[in-house]
Amino acid sequence: MAGKEVAAVEIVDLVKEYPSSFRRKMYRAVDEVSLRIEQGEVYGLIGPNGSGKSTTMKALLGLVAPTSGLCKVFGCDSMKVDARQHVGFLPENPYFYKHQTAEETLKFYGRLCGMRGKQLAMRIDALIELVSLQDARKRRLGGYSKGMLQRVGLAQAMIQEPQLLVLDEPTAGVDPVGSRQIRNLIFQLKEQGVTVFLCSHLLEQVQEVCDTVGIIFNGKMVQQGSLSELTSVDSHTEILVEDMDEATLAKVREVIEQGGGELLASGAPRRSLENLFIEIANQCGEEAR
Amino acid sequence: MSKIGFISATRISVIAGHTFTQLVRMKVFYFLVVFAVIVLASQFVDMSTLGAVKAVEQNLRVMKGAGFFAMNMFSVILALSATALLLPKDIEDRTLYTILCKPVPRLDYLIGKLLGVVALVTVGLLVMDGLFCLILNIRVEAMVAEQADLLTRMGRSAEVIESHAAAIREQGVTWSLQAGVIAVLLKAIVVASIALLVSTFSTSTIFTIIITVVVVLIGLIQAEARDYFLQQQSLGMSSPMLEMTRWISLLFPDFKLLGIEDGVINGERVSWSLLGRVSLAGVLYAAIYTVLSWFVFRRKEL
Chain A
1 MAGKEVAAVE IVDLVKEYPS SFRRKMYRAV DEVSLRIEQG EVYGLIGPNG SGKSTTMKAL
61 LGLVAPTSGL CKVFGCDSMK VDARQHVGFL PENPYFYKHQ TAEETLKFYG RLCGMRGKQL
121 AMRIDALIEL VSLQDARKRR LGGYSKGMLQ RVGLAQAMIQ EPQLLVLDEP TAGVDPVGSR
181 QIRNLIFQLK EQGVTVFLCS HLLEQVQEVC DTVGIIFNGK MVQQGSLSEL TSVDSHTEIL
241 VEDMDEATLA KVREVIEQGG GELLASGAPR RSLENLFIEI ANQCGEEAR
Chain B
1 MSKIGFISAT RISVIAGHTF TQLVRMKVFY FLVVFAVIVL ASQFVDMSTL GAVKAVEQNL
61 RVMKGAGFFA MNMFSVILAL SATALLLPKD IEDRTLYTIL CKPVPRLDYL IGKLLGVVAL
121 VTVGLLVMDG LFCLILNIRV EAMVAEQADL LTRMGRSAEV IESHAAAIRE QGVTWSLQAG
181 VIAVLLKAIV VASIALLVST FSTSTIFTII ITVVVVLIGL IQAEARDYFL QQQSLGMSSP
241 MLEMTRWISL LFPDFKLLGI EDGVINGERV SWSLLGRVSL AGVLYAAIYT VLSWFVFRRK
301 EL
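In order, the protein sequences belong to chains A and B. According to full-length UniProt numbering, the first sequence is numbered sequentially starting from 1. According to full-length UniProt numbering, the second sequence is numbered sequentially starting from 1.
In case anyone wonders, no lab produced these hints; they're calculated from the structure. Keep in mind that a hint or two might mislead.
[To be verified] Taking lysine-lysine and the DSS-like style, the derived pairs with C-alpha atoms no more than 27 Å apart in a straight line are:
#1 B:K27 to A:K72
#2 A:K146 to B:K89
#3 A:K80 to A:K251
#4 B:K300 to A:K98
#5 B:K27 to A:K98
#6 A:K146 to A:K25
#7 A:K80 to A:K107
#8 B:K256 to A:K80
#9 A:K80 to B:K27
#10 B:K300 to A:K220
#11 B:K256 to A:K107
#12 A:K72 to A:K190
#13 A:K118 to B:K3
#14 A:K118 to A:K138
[As the list claims (entries may be wrong)] Label pairs and their computed distance ranges (CB to CB):
#15 A:Q134 to B:V296: 38 to 46 Å
#16 B:V296 to A:N218: 28 to 36 Å
#17 B:A9 to A:L203: 46 to 54 Å
Every residue gets a Cβ at the ideal spot worked out from N, C-alpha and C, and that includes glycine.
Chain A with its partners taken away, still in its complex shape (with noise of 0.2 Å):
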């Protein structure tokens, strides 16, 4: 494994071209991206349909050769084989061998990746509960829902126990309960010091769970930060109180025009209607137990 100091992504000024229909023109996927995901970072690429974000995650796992370029995990060029040593990736969508259950499926990947035996047999043990798949363990791929099929390929990709996960849009026809788990998953992993690089049209999630993000349009890299950094408004203050009347609001919002201020809103902040749904699942599931 590469020491602390070495970045588990580093893409430096990333070009890829595809020839167009009759090859006259080169077409730009993705123009000059560079990023730096450090050890046990969590980032989050996001950019509308199109924009390369696909292709820069292909590039890193050597399905893509950069027209120029470089690619590196954890210091290894990408187009080398050994540097998806630790890494695990699952792709949009996801499809899988129909004719395999989801612990074959686990069994070939983690062959692949020179795993034998008991250790194996415990790993897929520990990722079919871990996915929720345990009743489904033994049917075959092919009459599994989408979002069971999502979870199938979650536990793939981290069946090697990978340093770096690269997902693309991980949550895609997951249910908002499955949803939920996929991001708690992703903390725990964050707090075991695994990388994460995902993909996802969800910004609210992205906003959850990733410590940096890049923003990427026409291929290009927009705009690139931690969080914090890209989403805080300088000009504005959030005050949330608790058990506050009127009366008391009044004289605060006094204070502030006083201090040349001004108070902008005011109000019961909303719960998200996914909280409110995992609440209510949640109450249901109890009930039913």
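Please arrange chain B on chain A, whose structure you already have, making use of the hints.
What follows is chain B alone, placed relative to chain A:
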């Protein structure tokens, strides 16, 4: 970071085993029923108008011919369709992403896929061979008994009866017959490796199948074409086609080099040295096409 070996027998065996299971679960072995019907039907061919022993030998030749034709056809169809299907399907379903994102060199993946198909064809051929030998042997022994009875009634000596029986058994289950089956397997392996090469640059299964069939057809007729143009040249008629056939022989496989079944059907013995040469040619062809596949596939953008 530890080094991953350029090629690993363990990884290859994992991919080969998985490919074999995948194909078996696609229920490809159902074709064995059709094979059994062909072999059983060939039993009912009767050439008794040719006269005693000659008719017996001819009947057995017809039976062996039908058996080898069916084995050749099924093994080649199986090798071609299975190989042509695997790689494009893995790319289309994106299962290839998850495999190549593990520490798996692309050469290991290709060899594993090819060996999985080879294992499937080998098992299919073993079953076909076993069934074929069983039916052929039953037929031979029935003919031996029938001829012995006929010759005894005609008052022929035991020596004559024995020599007739030996002549009939020469047309039955022999080691040469097994050498013929090995040649069938080698042809299927070469076809699979050609399909593998084509599928590394093709965009669909149908394109892979068509191109591979064209290559196989050229491979089947190129020796005859070369012989024909050589004959023309010896008669003083020079043709640029002769030079072309030489170039074709460099690019396409010559399946005549692997074809020993015709001799086996006629009851000829196959020497070990001939079998060795045929095996070497088959393995060499498969190795060349696999290396070429790797050259194309190693930088393929997924």
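Verification of the supplied hints:
1. B:K27 to A:K72: violated, 43 Å
2. A:K146 to B:K89: The hint holds at about 19 Å.
3. A:K80 to A:K251: Violated, at roughly 65 Å.
4. B:K300 to A:K98: Holds. K300 (chain B) to K98 (chain A) sits at ~25 Å (cutoff 27 Å).
5. B:K27 to A:K98: Holds: K27 (chain B) and K98 (chain A) sit about 14 Å apart, inside 27 Å.
6. A:K146 to A:K25: Violated, at about 38 Å.
7. A:K80 to A:K107: Satisfied, since the Cα-Cα distance of roughly 24 Å is no more than 27 Å.
8. B:K256 to A:K80: This hinted pair is violated, its Cα atoms lying about 41 Å apart.
9. A:K80 to B:K27: Answer violated: K80 (chain A) to K27 (chain B) is near 37 Å, above 27 Å.
10. B:K300 to A:K220: holds, 24 Å
11. B:K256 to A:K107: Since the Cα atoms of K256 (chain B) and K107 (chain A) sit roughly 43 Å apart, the hinted pair is violated (cutoff 27 Å).
12. A:K72 to A:K190: holds, 21 Å
13. A:K118 to B:K3: holds, 24 Å
14. A:K118 to A:K138: Measuring from Cα to Cα gives roughly 18 Å; hence the hint holds.
15. A:Q134 to B:V296: 38 to 46 Å: holds, 43 Å
16. B:V296 to A:N218: 28 to 36 Å: Given about 32 Å between the Cβ atoms, the range holds.
17. B:A9 to A:L203: 46 to 54 Å: holds, 47 Å
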